[in-house]
Amino acid sequence: MIALILGLFSILAVSLFLAKIKKCSLSGMPLVAICIAIIWFSIFGMLNLLVMGGVLWYIACLASLAWCIFTEKKQLLVRITPAFILFSVASLFFIVLFAVTQPMFSQWDEFTFWGAACKIVKDTNQLYTVAQSNLIARSYQPGLIVFSYMMQFFGSSFMEYGVFAAFAILYLASFAAASTLWAKTKAGTILVFSVFCAFPFLFTGYQAGVANFSYMNCMADTALACLFGGILCFYFSSKEKTGKSLAMTGILLAALTNVKDIGLALAGIAWFIIFCDIVFCEYKNVMFCKLRKWKACIVYGFYSLVCIFIPFFAWSKYVLIVTQQDRSNLGSGGSGGMSQMEMLITGMKALFRIQPDAVFDDRAAKMVQGFFGKYDGQITPNFQLWLFGSAFRMLLFILVVLAAAWVLSNKPLRKQILVFTITSLVGVLAFGIFLTFTYTYVFKGGESETLKDYARYTMPYWFGWLMIALVLLGKAALQRGEESKQILGIGTPLIAKSGVLVVGVFILAIVLMRTNWQASVLNVSPSFYTERISVQQVVLKAKDSGMDPDDRVYIISQGDNATRFYMFSYELADEKVVPLYKAPTEENDWRVEGVFPDGTTAASLVPAGEEGGYKESAVCTAEDLVAYLKAVGATHILLDVSDGYIQKEFSPLFFDELEGWGEDGQYEGGNRYYEIVWQGDTATFMPVYVSV
Amino acid sequence: MKKNKIMWNRAIFIVLYGVAILAYFIVGLFQWQCTKSLQAKPLTLEDFTLVSSLLVENEPNAFVSTDPDPQLVYTQEQPFRVGRFTFSATSNKPGGEMVLYYTQEQDYLTSGFSEKNKIWAKQLPNGTWYFDLEGKEVTAIRLDPDTVGGVVWQVNKIELNAAKSFGAYFAPTGISILAVLLGPLLVGAIVLYIKQMVQTFLQGKKVEMVQSS
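First to last, the protein sequences are chains C and R.
Going from the first sequence to this note's numbering is simple: count from 1 and add 173.
Going from the second sequence to this note's numbering is simple: count from 1 and add 54.
Same shape as in the complex, but just chain C:
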């Protein structure tokens, strides 16, 4: 917990420093500070100098804090805004809450990549691209992972809840940036900040009786949403579009690109929105690098594009060099994918009917239905974007807010809102098309057909969009009185202020009433983690019977979709867990290549004729397994879950013939941990005992 607090202090220190040298509002600075941290640690990570990066970062933060205090002393307090205080207090609240309730990872994606990557980076002080692991993908961008590393830098060992705390602090920073406009009114800041904090709960489909993992999952979607929304809220909240605030948007865009593949798309759309606003609305006032008007627009446009593309290409190049894997190979675990460029071109051809693609047409039609919350004509939970249902309803909600803001604004602000509405509508279309390409060309099989996790993947855009709409309504509310009009004798800013109140109370009310608080971040039930805990218990037993750090362990865990394998992989990250057996194919013969490079797994070993679907099972006889274990260099077997096939086919391999395991693989007190003893090309699995 101390590590997290120190991490938080470093963010606050950098924020104060930035506010001082850039002379801008402190409210938006935590977000900039976090984005600088993301870029800083990504660079040091790529240079494989994470520890040095951490030491330098914290020294720099301490130095900047000291400098701020010594040069300004009491005046420093003047800079502090209500949003900054709320950010600090809310961050502390989350740190303490998580330290006490200790939520754990529970979702598939957290074990296959997001959470496991954070653990590996902390344990080895190296990026997950180079560290030994079973991560299902090595090539995802490191932005959030290294941010979690920074926050836990001073921790003696990896804390799962530390990842949740780090992510929550990132969300809170963007909420603070979005509350910048209200700096003069504490009441307004509290209201607006609380509404933003409720957004993760707002963007959960309403399902009574289902546990809500908002704020306690480490998948990237909410982070993408907050960064995307945060960048645009930061831009629209800054008073003057001059060098200092514009330069910082570059940093924010670079960090967003560095979060996930789709961060690039979101950063591109954010760039488009900002650029259009500068060209159409801020043309007269913009100043960048001491240039004005069209020169400033061009230089800024170029600068911010560079901020987006350099991190993206640098990372791609880095992954290529380090893993000898063409990062441009997309596909969730499937080889034969295509590069991003190829995907875009093929997709565009399909979209514009130059080269029609039946799969694309099908997914596009489903995306349109999904927009209305339906699949196959039925309202389906997978497509419920928020507590009130479909994306279509959210679109209406956002347009109403924007329309209200437009009506209640003066002329310059009206122009800005109109331009924003148009560019953000273009953006949502572009984002939707990009996602359709992803579902067509990257996802495979059932996941592609059913548009798996549709609500989760579309959420970032809508979340950010609603944030910005509220900020624009806030801009209308905070217009100066002299410039405003009157409707029915009441000044429009006042009407807009009441509009903010109505929208805010509405959002807070539905979140309060429709969120399942009984099973949420505020009420963690140990029964969420029964699978995890059972895996931990098996690991403990194995360690008690004499597991060494040098062991390379093959896990036999029949009957699931590799969930338990990834949990074991996560728990045993210090030891080496061998990838699961997969029957060799024409494209992928481990006998020739060594081990499967694409990291796919087959959870269950089955007899011939019983192959299951993607990822589930692989035909494997005793001879197959022994040959595989030899090729892959495994030294031990951990028998987690057995079944009838294992008992029948594999028990001759075990020295104790799997005594203590029932006919159907029930655990009856038998051994779990076996050493592989080689006699030439044959092996016997000897139970491991601790010598007393």
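If you are wondering where the hints come from, they were derived from the structure by calculation, not from laboratory data.
Check the hints yourself; a few may be wrong.
Within a straight-line C-alpha distance of at most 25 angstroms, the following computed DMTMM-like cross-link-like pairs (lysine to aspartate or glutamate) qualify [as the list claims (entries may be wrong)]:
hint: 1; chain 1: C; residue 1: 714; chain 2: R; residue 2: 191
hint: 2; chain 1: R; residue 1: 211; chain 2: R; residue 2: 191
hint: 3; chain 1: R; residue 1: 147; chain 2: C; residue 2: 822
Given the coordinates of chain C, work out where chain R should sit on it, guided by the hints.
Coordinates of chain R only, in the frame set by chain C:
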């Protein structure tokens, strides 16, 4: 004038926080009051109606779930009050989420148990699962011990209205702490926000009156 304003604003928050902290303890006391008269009642598997689960032959106090939605339903002839329901049991494999449904409907056999009346299990240090209903009067409760199916449960002890220490009634939970910390802040902020809007409106009217006169 300004000093007065700040004092009033601060007073609002102080009062709201005072009310919140008081409410926290009053709620705890009220829950203690509702449940202190309830007698602890040990139950056995025979007291329950088993749905999608079967008693294990030749083994007392063991049952197995036959599909992913096993249910143990308990009811009495009259509506009854429940305090802390405890379930001490071990399973042969991880079962996933354990929840308790309750209903206050008379015709729960037809209307079923609502997803809104659902509590997730918490665990005591000794591993016993528990659910706090705080003295609610119910017509039936339904324990869903696992969401996996094929899980063999070995039951040690089931108790209706298990003993709960006085202090436990005031133990902070995530929900109660956030309510006490954030509730007054938010309510006060909304009150002040409306107050500021009203003041701006009245000032605007004053200016108009001055201008027109």
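For each hint, the structure was consulted:
1. C:714 - R:191: violated, 44 angstroms
2. R:211 - R:191: holds, 23 angstroms
3. R:147 - C:822: holds, 23 angstroms
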